[in-house]
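Protein chains: 2
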Amino acid sequence: MKYSKLTGQRYKEKPAEATCASHIFMLRGGYMRQVANGIYTLMLPAQRIVAKIEQIIREEMNAIDGQEIKMPVVIPRELWEESGRYNEIGVELLRMNDRYGHGLTLGMTHEEVVVHLARTEAKSYKDYPFMLYQIQTKFRDEARSRGGLIRVREFTMKDAYSFHTSQEDLERYYKVMARAYERIFARIGIPEVVRVQSDSGMMGGKVADEYMLLCEVGEDTIVTCSNCNYLANREVGIGIIEDYPETEKPIEKVYTPNTKSIEDVTNLLKIAPSRTAKSVFYKTAQGALVLALIRGDLEVNELKLSKIFKSELVFANDDEIRAAGAIPGFASGIGLKNCTIIADPSVANSNNLVAGSNEQDYHIYNFNLRRDVPNAKLVDIAMARNGDTCPICSQGKLVLKRGVEVGQIFQLGTRYTTSMKMTYTDLDNTEKTPIMGCYGIGVGRNLACIAEARHDAKGIFWPITIAPWQVQINVLNLDNGNLKEVAEKLYLELTQQGLEVIYDDRNLPAGQQFAEADLLGVPLRLVISPRNMEKGQIEWKVRTTGESGFIDLTAAVNFVNEWVKNELAKINASCSLQQ
Amino acid sequence: MKYSKLTGQRYKEKPAEATCASHIFMLRGGYMRQVANGIYTLMLPAQRIVAKIEQIIREEMNAIDGQEIKMPVVIPRELWEESGRYNEIGVELLRMNDRYGHGLTLGMTHEEVVVHLARTEAKSYKDYPFMLYQIQTKFRDEARSRGGLIRVREFTMKDAYSFHTSQEDLERYYKVMARAYERIFARIGIPEVVRVQSDSGMMGGKVADEYMLLCEVGEDTIVTCSNCNYLANREVGIGIIEDYPETEKPIEKVYTPNTKSIEDVTNLLKIAPSRTAKSVFYKTAQGALVLALIRGDLEVNELKLSKIFKSELVFANDDEIRAAGAIPGFASGIGLKNCTIIADPSVANSNNLVAGSNEQDYHIYNFNLRRDVPNAKLVDIAMARNGDTCPICSQGKLVLKRGVEVGQIFQLGTRYTTSMKMTYTDLDNTEKTPIMGCYGIGVGRNLACIAEARHDAKGIFWPITIAPWQVQINVLNLDNGNLKEVAEKLYLELTQQGLEVIYDDRNLPAGQQFAEADLLGVPLRLVISPRNMEKGQIEWKVRTTGESGFIDLTAAVNFVNEWVKNELAKINASCSLQQ
Chain A
1 MKYSKLTGQR YKEKPAEATC ASHIFMLRGG YMRQVANGIY TLMLPAQRIV
51 AKIEQIIREE MNAIDGQEIK MPVVIPRELW EESGRYNEIG VELLRMNDRY
101 GHGLTLGMTH EEVVVHLART EAKSYKDYPF MLYQIQTKFR DEARSRGGLI
151 RVREFTMKDA YSFHTSQEDL ERYYKVMARA YERIFARIGI PEVVRVQSDS
201 GMMGGKVADE YMLLCEVGED TIVTCSNCNY LANREVGIGI IEDYPETEKP
251 IEKVYTPNTK SIEDVTNLLK IAPSRTAKSV FYKTAQGALV LALIRGDLEV
301 NELKLSKIFK SELVFANDDE IRAAGAIPGF ASGIGLKNCT IIADPSVANS
351 NNLVAGSNEQ DYHIYNFNLR RDVPNAKLVD IAMARNGDTC PICSQGKLVL
401 KRGVEVGQIF QLGTRYTTSM KMTYTDLDNT EKTPIMGCYG IGVGRNLACI
451 AEARHDAKGI FWPITIAPWQ VQINVLNLDN GNLKEVAEKL YLELTQQGLE
501 VIYDDRNLPA GQQFAEADLL GVPLRLVISP RNMEKGQIEW KVRTTGESGF
551 IDLTAAVNFV NEWVKNELAK INASCSLQQ
Chain B
1 MKYSKLTGQR YKEKPAEATC ASHIFMLRGG YMRQVANGIY TLMLPAQRIV
51 AKIEQIIREE MNAIDGQEIK MPVVIPRELW EESGRYNEIG VELLRMNDRY
101 GHGLTLGMTH EEVVVHLART EAKSYKDYPF MLYQIQTKFR DEARSRGGLI
151 RVREFTMKDA YSFHTSQEDL ERYYKVMARA YERIFARIGI PEVVRVQSDS
201 GMMGGKVADE YMLLCEVGED TIVTCSNCNY LANREVGIGI IEDYPETEKP
251 IEKVYTPNTK SIEDVTNLLK IAPSRTAKSV FYKTAQGALV LALIRGDLEV
301 NELKLSKIFK SELVFANDDE IRAAGAIPGF ASGIGLKNCT IIADPSVANS
351 NNLVAGSNEQ DYHIYNFNLR RDVPNAKLVD IAMARNGDTC PICSQGKLVL
401 KRGVEVGQIF QLGTRYTTSM KMTYTDLDNT EKTPIMGCYG IGVGRNLACI
451 AEARHDAKGI FWPITIAPWQ VQINVLNLDN GNLKEVAEKL YLELTQQGLE
501 VIYDDRNLPA GQQFAEADLL GVPLRLVISP RNMEKGQIEW KVRTTGESGF
551 IDLTAAVNFV NEWVKNELAK INASCSLQQ
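First to last, the protein sequences are chains A and B.
Counting from 1, position 502 in the first sequence corresponds to residue 502 in the numbering used here; the numbering is continuous, with no gaps.
Counting from 1, position 173 in the second sequence corresponds to residue 173 in the numbering used here; the numbering is continuous, with no gaps.
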């Protein structure tokens, strides 16, 4: 393609609305423009990259017997009602009515639609297992879009759904899918993506893993180990902490006026937070009161807690706390009524802690959970911390990192096949319920993540497998002698070789050409200049490494062809190793 | 692919809900399933065809400097308000609010979004001309979906938009686009698609052409000529009729009780309908009364009429007709007040017609428009008829045919660039308004139309360029001797040649295998049977022509490779000729 035919302004300045590298460079480089909050138009360079990412995903899905289908963007309300999610999912599910008043929604995920399809198509055990996938537009009405394509409202996603007749077969295929995901991330140029234990969230199901690119713009916190491969989303991550077992001592009251927090108490009593027990009161959606007891140096992981009650939780107010017989600010689990008490093992495994007394202005010394609140249920509800000991190797220390989710895989189980009454006839002629897995990759978010992981101060360097073009030709002084002729001929010859070439035919000053080239991030740059042409040479430069050199014009086509082939081979070789 | 891994039931019976061939066969053959009214899921065979159609469209758009982009499905209300279409377009534009109450719509066409993009990106005359296109999901809340993929609510469309600095340049590019469209229809296997003059409808703009596949399931009526190439949508088509010029005679009243229609009057007075003038009253959206006068043997073309008033028209009721001084059933243009009178030339060019008298139970003889209603505006508002004389060659007779619109091209002009204040700086430093064209092709509708045009009683035969697979292998009696081995080896070898093969590995009875193969419409079928294998041969059969023969197994791979290459070359050769 000739640059003069490429529509899109390129900017020198950082746009005011952008803070992360991918967003900045993709606005500056003419890759995308905002249409509305969290809704973008992708321009030619971005669309070319997206098409390549999609093709790589498609090849990997086809290689594991995936069947590409296309489900609708607009989904009738009835299907969500059938699965029960119409009421479970909040306002992020966009709802509307058609001209006849029928309820419609914009698809944010397609479990319902795929089960609606599969239940009429796979009636016999012989039809199993199978996997259906699509690459399709989705909409999720996020409260806050951010980071350009990192978190948007409208996005393109590959969503895949597998159907099995046994848990064993689901688990077998789950591993096959995980390998395909690793190959995808390697092929699109971010092999460093890690697989992280995660929560299955609104999907239902029990086993779930997320693929995370560890980087500063990430919204997720990932628990990693300094010694082993432990990786978990902090939502489900576990840390081992030091316990303080002692011989139980009798309770002693202590006067602690005006202490409203653990910090106040520890300052007043000159003790460490790890020597206290903290009480946090919540209310379930059904209005039930919950007390979470945890050691004072830890935080409650509300996701872990909410999963115990299968309900979102909100903080209880003072009246509700008093109604249970507790005093706000001075509460503990002792003597409460009408309140479910969940205690983290951290409280149980340390003795003689300072805790609330349920009496105004008093705390107690020597709180011992097993003795003093024998009805508390012991469940891990702690948030893992930097420096905790790894629960897997028991050696390394936990390190928290930021990450962006670039894909996720779920073992859904029968959540949807049961609610939507999908069955098949088994070999023994009985009707059984199939078991599902589902597997997503956001295309645009991956595009942005590649840019996050592969850029310098001047712009992006796209991996050869997904670059909008493989080779760029720049000419310094297009008016000089026969330089234009040379460039046009080289452009034509490279294109005829099947190479993807963008040729800057605009006769702009070198500085502007190179600045825009850096933004476009094409892997190999060829520079034709008067000085080098005197020697019959052109200059080549690799965007990633900065490596450069000169090559005879006559040898240029071969050189480029070989270079591109080698770069592609390198990435493919790295993928094969992973299988 | 192996048939055993293809998800989807195939049916022998015609589904109750389907009436046209494409719908019947695509349901029976497991290509698609309905999700809601006018909303479908495409299954693997259909998705494979769609991907090929899209790729052909993409190649042809890229070849004429089109830049593929991706605009959003969800469009903010503000953009439609800016162009003025938010109120112009009716309920077919689906509207909703996001979580913050901001108005959103589902894109049914993207003029607004593309102008929103282009107005910041193409500020200088140097940036012109350019063409942006996308292949993207659209939604139109049709009152009546029908014919499977022929008329749906959610559909994939290629929509392209070109921007120019002069009308001449738009006209030049319009021809380039028309040639690209001809190549697309030829390459996807329906070269018989014709280009038809059409109305530009809600798009605005003046020049518009539709591409039509003439076939019985079409909703449009196309005016064709028995002698020349005249082709027009009946909405804009013109027919030349026989006039009856005579010397004007004086008006005579005639008693015509209980005559409510032209038919009643002509029966009573024993005259031909062409000897009468018909009066039809309408009301504009603004409430203005309109009388359309036309010869009794013709029908009013309401689209032509509505364009005069730039308003949709509804029939006036009796009270409104009386208010203008006319008598319903006995009305004419004589002596009316507060009423705009539009007369078709057919009334002006025949004399001494029978017309209403504006008196109950009376008509008049010898109505002469120019004398009796001198204030009538003469405009062509007639519906062209079968047998009218062609307005182009003046020799042939018009023949009305049914057609399905498979694409359309518009010269939009400055309808959107003006309303949305898009300008560029011209060479002389003045700000000017760019001129636009827009060009659409519905992907799914083309898929359905190919099926309409290419089927027999047993199923579809897909053109080689878009077939879901190029070759199908059937085995009669897979258990017999080494037939399975032979088939697997042939499947592997053909696949390794880059051919797209579907292999029926299910060991079903021959009848069922062939019935399903006919539904799948793969161009070349290879049959491995015990009898032929005794001679070391396999049978081949061409789906389209029924042509068949035998080939030595050892020569089969070469044979198939050559056959596919030749079939593809034939279509490509036919396209080159058109350029």
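Since the hints were derived computationally from the structure, they do not count as laboratory data.
Treat the numbers as computed from the prediction; the structure is a model and nothing was measured.
Treat the hints with care, as some may be off.
You can't tell identical chains apart in this list, so a pair holds if it fits in one copy or across any two.
[Unchecked claim] Calculated pairs, SDA-like style, for lysine to any residue (alpha carbon to alpha carbon, straight line, at most 25 angstroms):
{"id": "1", "residue 1": "K565", "residue 2": "Q496"}
{"id": "2", "residue 1": "K5", "residue 2": "N532"}
{"id": "3", "residue 1": "K52", "residue 2": "S306"}
{"id": "4", "residue 1": "K337", "residue 2": "A348"}
{"id": "5", "residue 1": "K2", "residue 2": "G498"}
{"id": "6", "residue 1": "K570", "residue 2": "Q496"}
{"id": "7", "residue 1": "K175", "residue 2": "D456"}
{"id": "8", "residue 1": "K2", "residue 2": "K12"}
{"id": "9", "residue 1": "K401", "residue 2": "R179"}
{"id": "10", "residue 1": "K253", "residue 2": "A515"}
{"id": "11", "residue 1": "K570", "residue 2": "G498"}
{"id": "12", "residue 1": "K260", "residue 2": "A573"}
{"id": "13", "residue 1": "K52", "residue 2": "Q496"}
Okay, the hints, checked on the actual structure:
1. Proximity of K565 and Q496 under a CA criterion of 25 angstroms is satisfied in both settings, with 15 angstroms inside one chain copy and 21 angstroms between copies.
2. For the identical chains of this complex, K5 and N532 are neighbours neither inside a copy (27 angstroms) nor across copies (58 angstroms), given an alpha-carbon limit of 25 angstroms.
3. For a Cα distance limit of 25 angstroms, the shortest separation of K52 from S306 qualifies neither inside one copy, at 40 angstroms, nor across copies, at 48 angstroms.
4. In the homo-oligomer, the alpha carbons of K337 and A348 lie at most 25 angstroms apart inside one protomer (20 angstroms), although the nearest pairing across protomers, at 96 angstroms, exceeds that limit.
5. In the homo-oligomer, the alpha carbons of K2 and G498 lie at most 25 angstroms apart inside one protomer (16 angstroms), although the nearest pairing across protomers, at 32 angstroms, exceeds that limit.
6. With identical chains, the CA atoms of K570 and Q496 are at most 25 angstroms apart both within one copy (24 angstroms) and between copies (23 angstroms).
7. Taking the shortest alpha-carbon separations for K175 and D456, neither the intra-copy value of 35 angstroms nor the inter-copy value of 45 angstroms comes in at or below 25 angstroms.
8. For the identical chains of this complex, K2 and K12 are intra-copy neighbours only, at 21 angstroms inside a copy versus 54 angstroms across copies, given an alpha-carbon limit of 25 angstroms.
9. When the C-alpha separation of K401 and R179 is checked against a cutoff of 25 angstroms, the pair qualifies only within one copy, where the shortest distance is 24 angstroms, while the shortest distance between copies is 56 angstroms.
10. In the homo-oligomer, the alpha carbons of K253 and A515 never lie at most 25 angstroms apart, since the shortest distance is 70 angstroms inside one protomer and 87 angstroms across protomers.
11. With identical chains, the CA atoms of K570 and G498 are at most 25 angstroms apart both within one copy (19 angstroms) and between copies (23 angstroms).
12. Proximity of K260 to A573 under the C-alpha cut-off of 25 angstroms is found in neither arrangement, the shortest distances being 60 angstroms within a copy and 84 angstroms between copies.
13. For the identical chains of this complex, K52 and Q496 are neighbours both inside a copy (20 angstroms) and across copies (23 angstroms), given an alpha-carbon limit of 25 angstroms.
Taken one by one, the earlier hints fail for this structure at numbers 2, 3, 7, 10, 12, listed in ascending order.
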